[in-house]
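These protein sequence lines map, in sequence, to chains A and B.
Okay, so the first sequence: first residue is 5 according to the numbering used here, each after it adds one.
Okay, so the second sequence: first residue is 7 according to the numbering used here, each after it adds one.
Hint data in this document are derived by calculation from the structure and do not stem from the laboratory.
Be aware that a few hints might be false.
[Unchecked claim] Negatives, chain B to chain A, calculated, CB over 12 Å:
1. N12
2. W21
3. G50
4. G78
5. G99
6. L102
[Stated by the list, open to error] From the structure, some residues in chain B lie toward chain A, with a derived Cβ separation under 10 Å:
7. V25
8. R30
9. A44
10. M47
11. G49
12. L53
13. E86
Glycine included, each C-beta is placed from N, C-alpha and C at the ideal position.
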Amino acid sequence: MAETFRRSMSWLHTWAGVLLGSLLFAMFWMGSLSVFDREIDRWMMPATRLAAAAAPVSLDRDVVPVLQQLAADSPQWSISLPSTRTPVIRLQYQGADRQRQRRDIDPGSGVLLADPGSFGGTGFLYPFHYMLHIKWRQLGYWIVGLAAMAMLVLLVSGVVIHRKLITDFFLFRPRKSLQRASLDLHNLSGVLALPFHLLIALSGLIIFMVLYFPSAPLTTYADAADAQRAFTDEAYGRYSREPAGRPGALASLDAMVAQAQQQWQGGQVSTLRVHHPGDALAVVELRRSAADDLRMNLDQIYFDGVTGAVLRRFEAAPVMSFQSLLSGLHLVQFRHAALRGLYFLLGLSGCVMIATGFLFWLEARRASHLKKGLKGVRIVEALTIGSVTGIVIATLAFFVANQLLPPDVQWLGVDRAGLEVRVFYAVWLASFAHAAGRPRQGWREQTAVIALLSALAALLDVRATGVVLFTDVPAQQAALGMDVVLLLAAAGAGLALWRMRDRPAWLRGGSPATPIGQVKHG
Amino acid sequence: MTTAANAATRIAGRWQPAVAVGVRVLLAVLGGYAFTAAAVMLGGWALAASGLFSRSDAVVLAALLGFLLYLGLLLWAFAERRLARLALVLAGGSALLHAGAWLLRY
Numbered sequence: 005m006a007e008t009f010r011r012s013m014s015w016l017h018t019w020a021g022v023l024l025g026s027l028l029f030a031m032f033w034m035g036s037l038s039v040f041d042r043e044i045d046r047w048m049m050p051a052t053r054l055a056a057a058a059a060p061v062s063l064d065r066d067v068v069p070v071l072q073q074l075a076a077d078s079p080q081w082s083i084s085l086p087s088t089r090t091p092v093i094r095l096q097y098q099g100a101d102r103q104r105q106r107r108d109i110d111p112g113s114g115v116l117l118a119d120p121g122s123f124g125g126t127g128f129l130y131p132f133h134y135m136l137h138i139k140w141r142q143l144g145y146w147i148v149g150l151a152a153m154a155m156l157v158l159l160v161s162g163v164v165i166h167r168k169l170i171t172d173f174f175l176f177r178p179r180k181s182l183q184r185a186s187l188d189l190h191n192l193s194g195v196l197a198l199p200f201h202l203l204i205a206l207s208g209l210i211i212f213m214v215l216y217f218p219s220a221p222l223t224t225y226a227d228a229a230d231a232q233r234a235f236t237d238e239a240y241g242r243y244s245r246e247p248a249g250r251p252g253a254l255a256s257l258d259a260m261v262a263q264a265q266q267q268w269q270g271g272q273v274s275t276l277r278v279h280h281p282g283d284a285l286a287v288v289e290l291r292r293s294a295a296d297d298l299r300m301n302l303d304q305i306y307f308d309g310v311t312g313a314v315l316r317r318f319e320a321a322p323v324m325s326f327q328s329l330l331s332g333l334h335l336v337q338f339r340h341a342a343l344r345g346l347y348f349l350l351g352l353s354g355c356v357m358i359a360t361g362f363l364f365w366l367e368a369r370r371a372s373h374l375k376k377g378l379k380g381v382r383i384v385e386a387l388t389i390g391s392v393t394g395i396v397i398a399t400l401a402f403f404v405a406n407q408l409l410p411p412d413v414q415w416l417g418v419d420r421a422g423l424e425v426r427v428f429y430a431v432w433l434a435s436f437a438h439a440a441g442r443p444r445q446g447w448r449e450q451t452a453v454i455a456l457l458s459a460l461a462a463l464l465d466v467r468a469t470g471v472v473l474f475t476d477v478p479a480q481q482a483a484l485g486m487d488v489v490l491l492l493a494a495a496g497a498g499l500a501l502w503r504m505r506d507r508p509a510w511l512r513g514g515s516p517a518t519p520i521g522q523v524k525h526g
Numbered sequence: 007m008t009t010a011a012n013a014a015t016r017i018a019g020r021w022q023p024a025v026a027v028g029v030r031v032l033l034a035v036l037g038g039y040a041f042t043a044a045a046v047m048l049g050g051w052a053l054a055a056s057g058l059f060s061r062s063d064a065v066v067l068a069a070l071l072g073f074l075l076y077l078g079l080l081l082w083a084f085a086e087r088r089l090a091r092l093a094l095v096l097a098g099g100s101a102l103l104h105a106g107a108w109l110l111r112y
């Protein structure tokens, strides 16, 4: 499109980045948090900070009667077995209002826990990462998919426009001009973590390959009545059958779990799904845990719900195993705290890359836009502040609301979990308004709010649950870890605030900046 | 008359780059996707026909490669200088590939 390939890529990199950077930042931020979504759950749902049960759980004794009472009419029950990261038995079913319900059972006592009143990390932050909570016609998934393709485009074009790729490994000049420093940091975070960013964008798309290429099986499976279903049945091992419409007594789930673990030679069951519970043709689906596997393990066994006989045993074919390896590298379900920590930091490096990309764009244009009277810098700057510090503030407000809202609060027909989410969106919107209204003080003031809210969230948690410094209960360690990270974030934001003191006048709220010399890319 | 005509030309000249960019973006995102989706359909069929993969694995492999093809097309769409050529390949090519896939289906 331009005279040279590099120029075209430079143009593409700039404009794709400015247009989609806000969305990509939100995805990277939520994705980084999702690495620790279950730890966030423990923090937001203090009643689930349980020690591992001493005796193994009996599903037939403790779980099935509860589901028969709560969800007799639900077409499906999902039972997730307790693990190190989620020490409760998690039930999911369709409630009387046809909405999906989630309840937890304490595996130690068999007691049904009260509704946590929160979607937590797994129910709000994680789905935000991959579908933005836009359910209409799966639009959220498509927007995220397009952004992930744009991320790949940005990475490749970013590499193309570089002149000195190796030098950038070692180049950071924080004390030069803001424009220079932000470009250095943009390059550093982009180049150092390039393999991670490429992997994460590509594997994120690959997880949803069936959704993004719905037409893929139409030719190969042209002979099937429903090509898409025939394909997913074969590739993912789905098995289903119509209910009989007459009642049938459910066979022992405990026996099925024991049989599956024996067939998987020690591999643990993560989830059971009972399809058409109570029907004579009920099917019980058992899925293998990925907690000790890099792959997103697709092993499944289907049992006849009434006779307990094995209907189907599935293991993925070779290419599908490769797909599940790439999915596993994105979904990081394996149990390894340090490796997960690395994922968290690499995810944040993506946030740094996007934020500094915005800063460089702004600084490179600030003087000339001011001279020509263009509004671009002001608009993009407000959008940047709201997308970067704003979403962090909104997330922290979500945490603080979780601590402050009374247990059974209802407001305008919205329940407690819904109110937490409303707080998130309201605060996020307010941060954009604030950034638009106070562009010069925006960064500084929002950073101050981050410092305050982080510290407040940690203190509120400690006040509510007491100081637990030395514990060998993983769920309490998870909550403690989150408190520590919050305090570190508060300290980091405080430090940033201190550093901004020395920044150019426009950041402090004084007169506009003096023009900074144009800095060439790379 | 001439001033009006001049003004029209000026406005058209001013908006022409924006329209060209809009067309290019649409061709890249939608045309590129249409091209890729059809290529994935045909590729999956060909891989299955080769006998080297099971049916499901052939479709999975085609879909995985599809993401890389789409990436390549997106980059090319912004590098190619001749918009007409871009339209020919992405719109015309997609039409041809979809016609081929349609023949295989029925």
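Outcome of the hint check:
Even its closest Cβ contact with chain A, about 24 Å, leaves N12 (chain B) beyond 12 Å, as expected for a residue assigned away from the interface. Against the 12 Å criterion, W21 (chain B) stays outside the reach of chain A, whose nearest CB is about 17 Å from its own CB. Against chain A, the non-interface label of G50 (chain B) is violated: not every CB pair exceeds 12 Å, the least being about 5 Å. Taking the minimum C-beta to C-beta distance to chain A, about 9 Å, the non-interface status of G78 (chain B) is violated against the 12 Å cut.
Non-interface status of G99 (chain B) relative to chain A is upheld: no Cβ of that chain comes within 12 Å, the nearest being about 16 Å off. Its beta-carbon lying about 15 Å from the closest one in chain A, L102 (chain B) satisfies the requirement of being farther than 12 Å from that chain. Annotation: V25 (chain B) was flagged as interfacial toward chain A, and the flag is violated, the nearest CB pair being 14 Å apart, outside 10 Å. Look at R30 (chain B): its Cβ gets to within about 7 Å of chain A, closer than 10 Å, so that hint holds up.
For A44 (chain B), the shortest C-beta to C-beta distance to chain A is roughly 8 Å, which falls under 10 Å, so the interface hint holds. Interface hint status for M47 (chain B): upheld, as the beta-carbon distance to the closest one in chain A is roughly 5 Å, under 10 Å. At about 9 Å, the closest approach between the beta carbon of G49 (chain B) and any beta carbon in chain A falls short of 10 Å, and the interface hint on this residue holds. A cut of 10 Å between beta carbons decides the hint on L53 (chain B): the least distance to chain A is about 8 Å, and the hint holds.
With its C-beta approaching chain A no nearer than about 7 Å, E86 (chain B) sits inside the 10 Å limit, and its interface hint holds.
Checked against the numbered hints given earlier, this structure breaks hints 3, 4, 7; the rest are met.
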